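There are 2 protein chains.
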Amino acid sequence: MPNPATSPAQPLAGVRIVEISSFVAAPLAGMTLAQLGADVIRIDPIGGAADYHRWPLTDDGASIYWTGLNKGKRSVTADLRAPAGQLLVTRLITGAGILLTNAAGRDWLDYDTLAATRPDLIHLEILGRADGSAAVDYTVNAATGFPLVTGPADHEGPINHVLPAWDLLCGVHAALAVTAAVRHRDATGQGSRITLALEDVALATVGNLGFLTEAALCGRQRPRSGNAIYGQYGQHFTSADGVSFMVVALTPRHFRDLTELTGSTAAVEALATALTADFTDEGTRYRHRDVLTGLFTPWFRDRPAQEIGTALAKTSVLWERYRSFDELAIDPRITANPLFTLLQQPQIGEYLAPGSPISVNGAHIPARPAPRLGEHTESVLRDRLGLSPESIAALHMSSIVANGAPARTER
Amino acid sequence: MPNPATSPAQPLAGVRIVEISSFVAAPLAGMTLAQLGADVIRIDPIGGAADYHRWPLTDDGASIYWTGLNKGKRSVTADLRAPAGQLLVTRLITGAGILLTNAAGRDWLDYDTLAATRPDLIHLEILGRADGSAAVDYTVNAATGFPLVTGPADHEGPINHVLPAWDLLCGVHAALAVTAAVRHRDATGQGSRITLALEDVALATVGNLGFLTEAALCGRQRPRSGNAIYGQYGQHFTSADGVSFMVVALTPRHFRDLTELTGSTAAVEALATALTADFTDEGTRYRHRDVLTGLFTPWFRDRPAQEIGTALAKTSVLWERYRSFDELAIDPRITANPLFTLLQQPQIGEYLAPGSPISVNGAHIPARPAPRLGEHTESVLRDRLGLSPESIAALHMSSIVANGAPARTER
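Sequences listed follow chains A and B, in order.
The opening residue of the first sequence carries number 877 in our numbering; numbering runs sequentially from there.
The opening residue of the second sequence carries number 877 in our numbering; numbering runs sequentially from there.
In case anyone wonders, no lab produced these hints; they're calculated from the structure.
These numbers were taken from a predicted model, which means no experiment stands behind them.
Be aware that one or more of the hints could be misleading.
Pairs count within a copy or across copies, as identical chains cannot be separated in the list.
Calculated pairs, DMTMM-like style, for lysine to aspartate or glutamate (alpha carbon to alpha carbon, straight line, at most 25 Å) [stated by the list, open to error]: (1) K1190 / D936; (2) K1190 / D1007; (3) K1190 / D983; (4) K1190 / D1207; (5) K1190 / D1133; (6) K1190 / D1030; (7) K1190 / D1259; (8) K1190 / E1145; (9) K1190 / D1178; (10) K1190 / D1117; (11) K1190 / D915; (12) K1190 / E1203.
Taking the hints into account, I'd like the entire structure generated from these sequences.
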């Protein structure tokens, strides 16, 4: 039953989702679906789930992390261990028709249990590994191969990513899987039981990018090669005043512009002749990257960053100045970007927050604040389950539900 | 018009997409949509787009990269600069109703041009930056802040990621945006004009994860801290035989198990008393990470990897052994994983290829081979445009279309 209230910018209008989640992947999935117009209710244990105090924190101890990944949702808190709390949550899930969760191993949240009441349920469970065992981004990443080829060529030992890339990819994949399942349900009335393992997202990616195939078919091991781009020419350079730039030449035109800019054209031509190297070929540029980098380095080393940026901007070369998080936070690409709007975030303050990166018909959906924990407990019980004020008060009295500030911390 | 042929595992059955793309984000979006049941035709210039020779290559020079990111699509090649070629492609796009592209700045592919013929068109354009200027994963990443906090605390200079995380995230976001727009079109008959900038995907992510908020509101700069997990306890350790392990203790139970395993319980208790530190608090474990790591290190250093893995497996601690790509390629998590099936890939060979990481009703959609470049030119012109064999032959003769092996390389 497609909902006529959908709009290009709110294509998931009318979709109701209950999320029982923590950390990055599942909360990001829910937030992404909410940005597309879905009504997402995150349900937490009273006092918050394991991510409620996750760093970074404000000076007052509120989690910037939690609010950042739960924008635009409603929040309900209930005692998820008490049968009465589980019954309420079950009714919210079967009423909504979609459960998004990474809370594995709870029988009362199983697909079979819930689908007995709601046969067209869409049930998406995010797991660490497909066998149900626990794994997190940092452990999954260790097995992918990437940490052993990240960083300077002479470094020994693993270098982890700081960006939790697998969690993020898993979260957007989960949002995609729910959206596709909604289309199927709209068309046929059928639900779906979906699982998505964080480890499988990572392994599929390593496979799709050819790292496994290269190792299996060619017996080649990708070398650790610093900031060089495999099979292409790309490298970082540092200015006279200590600012680093990433510089990439994907095409012969980019490369020609780079040699002209750095006054290396004659030297590159001489090299090409002496080495019988065709630098219009991307692989050749990669093979000879060290000597090319050596040729280009003095031009960067001899100039201040300002002059380098101005000169690069006049060429076709792909480039960027490395920035720290605090430089980026005040850069026009944030402060003058319509993706970011000023958000009044309870517990955190006023800050520029990103909406959806997806721009529809020329506009982004702006960010909406994250809820306070338990902020919507009463309104949801009233509006979704039709409970009377007296019933809700009784649930509060017996600590089956809560709202407002955390009463205790569950870990 | 929802298609009754959809199934839980093929929720996008009946969705027709034309993709004009190169590199990672747009091809991954198309492949992801094809895995969900969409019919995806990738159209390339004769001889292939800029990514057709991208590394890694087989010993015969075929691109493992290209085949890895174009599985399950059909391939048409045409002269995209000739008006006759543009006309054919325009007819394929308006017939399909969805264009997915990262080929910016071509008037004949504009939304307005195409929607004049097909008003309910879904048009998704991936850009480098929102203003239309060029950017790639490696340059976008330089501005995000991550390279300056990646790697050992004493390292100076940027350390890039090897995983093109922004491209990947952008690609899955694009697949999500198309799928959501299909739902809206199913419900209302309206199309959508969607843009997605690689840079905006990255900036939204940095914002959602709290890095910008932390810098803007608290004036704090995240330190470079090696493989430690910010705000938690996580670190890598190396065994007597030189194998590294990532070890993470997110909860008090994980941490208690880790101290018991390493025989550090009494020492950790003494430290807690002496430092007035409550190690049940995740932030406290992070603040004191160096002394904790110092306490745990000898247990790992004194044992072979085999013994460490066996012992860790008996605890609740989250852990993983670091693996290289070639170790991973022969690991049971690939070779015994139903996500991977043996694929006969023309030009590449037989290898274990990943299907969709999304498992629906207990099964993955297996991988299908990537097409040979131009493999489906004739069948698509015949079946989609109703062209006669004579017309198709004439198009071949005048080099407006091609099939089979590349005739020339366009760069």
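Hint check:
In the homo-oligomer, the alpha carbons of K1190 and D936 never lie at most 25 Å apart, since the shortest distance is 47 Å inside one protomer and 38 Å across protomers. Taking the shortest Cα distances, K1190 and D1007 sit within 25 Å of each other only across copies (16 Å), while inside one copy they are farther apart (53 Å). In this assembly of identical chains, K1190 and D983 lie within 25 Å of each other by CA distance solely across copies; the values are 24 Å between and 62 Å within a copy. For the homomeric pair K1190 and D1207, the shortest alpha-carbon distance inside one copy (21 Å) is at most 25 Å, but the shortest distance between copies (49 Å) is not.
Taking the shortest Cα distances, K1190 and D1133 sit within 25 Å of each other inside one copy (9 Å), while across copies they are farther apart (58 Å). Taking identical chains as interchangeable, the C-alpha atoms of K1190 and D1030 are never at most 25 Å apart, the minima being 35 Å within one chain and 35 Å between chains. In this assembly of identical chains, the alpha carbons of K1190 and D1259 never lie at most 25 Å apart, being 59 Å within a copy and 46 Å across copies at closest. With identical chains, the CA atoms of K1190 and E1145 are at most 25 Å apart within one copy only, with a shortest distance of 23 Å there and 61 Å across copies.
Within a single copy, K1190 and D1178 get their C-alpha atoms as close as 19 Å, which meets the 25 Å cut-off; across copies the closest is 57 Å, which misses it. For the homomeric pair K1190 and D1117, the shortest alpha-carbon distance inside one copy (21 Å) is at most 25 Å, but the shortest distance between copies (52 Å) is not. When the C-alpha separation of K1190 and D915 is checked against a cutoff of 25 Å, the pair qualifies neither within a copy, at 47 Å, nor between copies, at 41 Å. In this homomeric assembly, K1190 and E1203 come within 25 Å of each other (Cα to Cα) only inside a single copy, at 23 Å, whereas the closest approach across copies is 45 Å.
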